[in-house]
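**Q** In case you want the letters, here they are:
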Amino acid sequence: MLWGIKRAADQARRRTATKTMTTNAASAPKKEEVDWLPILERATQEVFEIVLGCQLTPTEPSDDKQKGGFTAIVGLAGALCGVVTVCCPVQAADQMAQGMLGEATVSPRQVADALGEICNMVAGNFKNKLAGTDERCMLSVPTVISGGQYSLHSLAAGRSVQTVQLFKDAPVTIRLQLQE
Amino acid sequence: MDKIRALIVDDSSVMRKIVERSLRQAGIDLEKVVEAGNGAEALTALHDNPVDLILCDINMPVMDGLEFVRQAATAENSKGVPIVMITTEGSETHVVQALSAGARGYIRKPFTPDQVKEHVLPVLGKKP
Chain A
544 MLWGIKRAAD QARRRTATKT MTTNAASAPK KEEVDWLPIL ERATQEVFEI
594 VLGCQLTPTE PSDDKQKGGF TAIVGLAGAL CGVVTVCCPV QAADQMAQGM
644 LGEATVSPRQ VADALGEICN MVAGNFKNKL AGTDERCMLS VPTVISGGQY
694 SLHSLAAGRS VQTVQLFKDA PVTIRLQLQE
Chain B
26 MDKIRALIVD DSSVMRKIVE RSLRQAGIDL EKVVEAGNGA EALTALHDNP
76 VDLILCDINM PVMDGLEFVR QAATAENSKG VPIVMITTEG SETHVVQALS
126 AGARGYIRKP FTPDQVKEHV LPVLGKKP
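As you go down the protein sequences, you meet chains A and B in turn.
Mapping to this note's numbering: the first sequence position 146 is 689, numbers consecutive.
Mapping to this note's numbering: the second sequence position 108 is 133, numbers consecutive.
Hints are not guaranteed to be accurate.
If the Cβ cut is set under 7 Å, some of the chain A residues that face chain B in the computed set are [stated by the list, open to error]:
#1 V590
#2 L595
#3 Q653
#4 M664
#5 G667
#6 N671
#7 V684
#8 V687
#9 I688
What follows is a list of derived Cβ distance ranges for each label pair [unchecked claim]:
#10 A:Q692 x B:D27: 53 to 63 Å
#11 A:G596 x B:G52: 19 to 29 Å
#12 B:A100 x A:E723: 25 to 35 Å
#13 B:G105 x A:G596: 31 to 41 Å
#14 A:Q598 x B:P153: 23 to 33 Å
#15 B:P138 x A:S697: 49 to 59 Å
The set of hints was computed from the structure by calculation and includes no laboratory data.
For every residue, glycine included, the Cβ atom is placed at its ideal position computed from N, Cα and C.
Required output: the full structure, derived from the provided sequences and hints.
**A** What follows is the structure in structure tokens.
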């Protein structure tokens, strides 16, 4: 086995072994018993720290969705079914794209692309924190909605958790909506 | 270090730029960067653009990264070219699938430039 391959496989095993949350072991808590919020918050904060070099701070929910902005959506299927959404005002999405690209000017397409990728990384990082579940859960490619006049409706019963974090003084709402 | 021709495969153009920047930050002297938005585009790009290194996402439309790696690993123009996966899929199953298909390294998003250096330089025969 090549050195790079062995190391990557070892790292994957170590990551799995050191995770604290388990969802597939015989003694694992049931899905409805898991406190998803701290996992979602940590997954989000790590993405912003690594990708944008900034610390997020929790804040209260705001009404910015009604004023416009962007919403990125990534679907989960398999052991966990539902969606992860990241919603923020236009200016915050612009700043994310500028930070990711290292450019002062970005196009609307780049802004949507950047927010979609942020949502993708949050969903992936969240999933990867759930030992066992990450093996049996697939992510969709991201979809990005511009504008705030919409509602998300799930056809299956479920529950959702959300966290609102301040990014450069703008609220970013991250929501996990799970189906039963 | 010799100049490197790299193919970056990701459906996000923003992520392709981030990967390119990370390669440069890792000290890799890029002679040429070819971009593709999915595996099928990447296979087509390889026909006209021989490369020394491929970095590839997994979750992409049209043709995903695992299928691309399977085909690129045996294709005439890319056989033997080191492929490093860069993806949000961090499960051991995905790692094993990618490495079995022919990938030589695996980086999980989000990643730091140091992680790119650590995983890419060895497949180019360099010390990180």
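**Q** Grab the minimum C-beta distance from N671 (chain A) to chain B and call the hint holds if it beats 7 Å, violated otherwise.
**A** 4 Å, holds
**Q** Determine whether the Cβ-Cβ distance between G596 (chain A) and G52 (chain B) falls within the hinted range of 19 to 29 Å.
**A** Cβ of G596 (chain A) to Cβ of G52 (chain B): about 20 Å, so the range 19 to 29 Å holds.
**Q** Please check whether I688 (chain A) passes as an interface residue: C-beta within 7 Å of a C-beta belonging to chain B.
**A** Violated - the Cβ of I688 (chain A) stays beyond 7 Å from chain B, reaching only about 17 Å at its closest.
**Q** Just tell me: holds or violated, for the beta carbon distance of Q692 (chain A) and D27 (chain B) against 53 to 63 Å?
**A** 54 Å, holds
**Q** Honestly, do Q598 (chain A) and P153 (chain B) meet the 23 to 33 Å range at C-beta?
**A** 28 Å, holds
**Q** Hey, does the V687 (chain A) contact hint survive, CB to chain B under 7 Å?
**A** 11 Å, violated
**Q** Taking the CB of P138 (chain B) and the CB of S697 (chain A), does the distance hold inside 49 to 59 Å?
**A** 39 Å, violated
**Q** Using 7 Å as the Cβ threshold, decide whether G667 (chain A) counts as touching chain B.
**A** 3 Å, holds
**Q** Is the interface hint satisfied for V684 (chain A)? The criterion is a beta-carbon contact with chain B at less than 7 Å.
**A** 6 Å, holds
**Q** Close enough to count: is the Cβ of V590 (chain A) nearer than 7 Å to one in chain B?
**A** 5 Å, holds
**Q** Do G105 (chain B) and G596 (chain A) keep their Cβ atoms within the hinted range of 31 to 41 Å?
**A** 37 Å, holds
**Q** Given a cut of 7 Å on the nearest C-beta pair, is the interface hint for Q653 (chain A) held or broken against chain B?
**A** 6 Å, holds
When each numbered hint is compared with the structure, violations occur for hints 2, 8, 9, 12, 15.
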